[in-house]
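Undergrad: Each chain, written out:
There are 2 protein chains.
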Amino acid sequence: MTRASSRRPGPPTRTERGIPEATVARLPVYLRALTALSDSGIATASSEDLATAAGVNSAKLRKDLSYLGSYGTRGVGYDVEYLRYQIAREIGVTQDWAVVIVGIGNLGHALANYSGFGTRGFRIVALLDADPNLVGERIGDMEVRDFAELEAIVKADRVSIGVITTPAGPAQEVCDRLVAAGVTSILNFAPVVLSVPDGVDIRKVDLSIELQILAYHEQRKSGEAALPQVPELPAMNGLTDLPSVGGGVGA
Amino acid sequence: MTRASSRRPGPPTRTERGIPEATVARLPVYLRALTALSDSGIATASSEDLATAAGVNSAKLRKDLSYLGSYGTRGVGYDVEYLRYQIAREIGVTQDWAVVIVGIGNLGHALANYSGFGTRGFRIVALLDADPNLVGERIGDMEVRDFAELEAIVKADRVSIGVITTPAGPAQEVCDRLVAAGVTSILNFAPVVLSVPDGVDIRKVDLSIELQILAYHEQRKSGEAALPQVPELPAMNGLTDLPSVGGGVGA
DNA sequence: CCGATTTTGTTCTCACGTTCACAAGCTCCT
DNA sequence: AGGAGCTTGTGAACGTGAGAACAAAATCGG
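Residue numbers (the numbering used here), protein chains in the order written: chain A, 1 to 251; chain B, 1 to 251.
Mixed in with the good hints, there may be bad ones.
One copy or any two copies: either way a pair holds, since identical chains are not told apart in the list.
Said to hold, decoys possible - Derived pair list, reagent style DSS-like, types lysine-lysine, alpha-carbon separation capped at 27 Å: (1) K63 / K221; (2) K204 / K60; (3) K155 / K221; (4) K204 / K155.
What the hints contain is simulated information worked out from the structure, not anything from laboratory work.
Please put together the full structure from these sequences, using the hints given.
TA: Okay, here's the thing in structure tokens:
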């Protein structure tokens with residue numbers, strides 16, 4: 001989010017060609033909904049239809065689409081095929097992106113086999129691992145190659161996206177190597193916070209965090225119904241037998 | 001104009017017991033950072049230290065923690081163990097949550113084997129699949145059971161969290177069954193928008209969407225440097241050879 | 001015992017995102 | 001042809017979140 005060059009106090013601002021991040025995150029959802037409608041043989045859909053299919057509010061959907069341009073027809077709706085193409089073009093999935101997966105454990109395996117992956121816009125060009133026991137193993141129609149080949153592969157296949165499915169330990173080093181090799185977008189499944197230089201985008205998928213967020217809300221639900229005897233914060237005021245902040249010995 | 005001082009003029013308000021959603025999403029990150037510090041033998045950490053480890057701004061971290069209570073010591077910092085416990089308690093991972101995984105394909109396999117899963121706060125109590133060929137297969141120390149047993153398992157083990165790793169097709173039906181059985185939190189890996197009744201929380205993990213978001217930004221990067229000849233929206237005005245909105249055969 | 005130093009907790013301001021509400025614009029029917 | 005009826009695109013209000021800045025509180029040295 002290094003897009004802070006908009007000092008415009010003015011109203012519209014138009015953001016030149018900048019689409020809000022929240023909107024970008026929803027475009028793929030719209031794209032999927034449109035594809036489903038298209039497969040069902042539906043040629044035209046209103047913002048209400050689309051919003052329902054995408055699981056969002058119709059006003060939000062219309063505003064999101066308005067950032068791309070005026071691709072609808074008032075009184076009618078959106079042409080499914082046409083809008084689908086426009087969104088695909090805006091996202092960039094009309095071209096193919098070369099992807100490498102690093103770390104062929106359970107998750108790497110699963111991703112390598114995931115079909116809906118290469119079908120639309122993304123092409124896995126290599127599966128890499130540093131473990132010599134894994135190198136050479138066949139997965140689908142691909143073969144696991146040595147992580148040392150990374151630089152050559154990135155250069156040869158113009159790889160711009162790297163997926164990290166290693167354990168937490170080696171993740172930062174793998175990340176550094178990817179960046180050094182020229183990869184500028186990284187999808188990280190390892191449970192660590194990776195640091196990357198400016199100009200490199202990174203996104204994180206973290207199962208454990210998602211579960212914990214669910215647990216928080218779940219605890220709320222049970223708590224309201226059954227266990228209202230939570231300590232609550234003011235109770236801390238009197239507590240002196242806690243791990244003795246800062247000293248233990250002194251004070 | 002309209003200083004928006006409608007209801008509460010704005011004192012503390014304390015929000016009763018409500019923690020902002022954005023903060024809830026970061027608490028697990030802080031928890032992980034604290035665990036790492038704890039494992040390194042560090043007993044006390046300042047907000048600056050913690051923020052660096054968690055990859056956020058220190059002011060944000062302090063504000064986040066302030067929603068939980070005053071667990072720090074001015075001039076000193078936070079006691080790592082104590083704060084870790086408080087956050088864990090707030091999230092709810094001091095107790096164990098029973099989890100079922102439905103759909104034992106590649107991804108389900110990977111999750112079932114994922115160790116960092118059951119280690120902290122979550123216990124996988126069943127792996128379920130409707131495919132008779134899979135039922136009975138052993139994965140780690142568990143055995144795949146028939147999806148028909150869902151209701152009995154949820155009731156017996158007080159399962160509150162369900163993970164859906166089926167293909168898109170059966171996902172909504174699986175979801176409905178989970179909800180009907182009493183599951184109130186769902187983590188969905190299937191590439192569809194699931195609808196659930198009020199009171200049920202749902203979170204989504206979608207590889208394909210993450211990649212598309214990366215592709216969007218990647219296209220931007222290349223575009224700024226090399227391909228500035230994108231059609232751009234006003235070009236559509238003259239286009240009449242597009243899929244003929246609304247016309248065609250029948251409506 | 002007091003002042004200097006450190007670091008938290010909180011306030012204030014600004015930017016972003018969501019939702020409402022409605023005018024503009026298109027189609028269809030009379 | 002002209003008006004009725006829809007549906008889009010957008011302006012404006014509202015709510016949430018981020019970050020800077022500072023006052024309050026705790027330790028430590030003299």
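Undergrad: Now tell me if each hint is right for this structure.
TA: For each hint, the structure was consulted:
no., hint, verdict
1, K63 / K221, "between (34 Å within a copy, 25 Å between copies)"
2, K204 / K60, "both (25 Å within a copy, 19 Å between copies)"
3, K155 / K221, "between (52 Å within a copy, 17 Å between copies)"
4, K204 / K155, "within (25 Å within a copy, 34 Å between copies)"
Comparing the model with each earlier hint shows no violations; every hint is respected.
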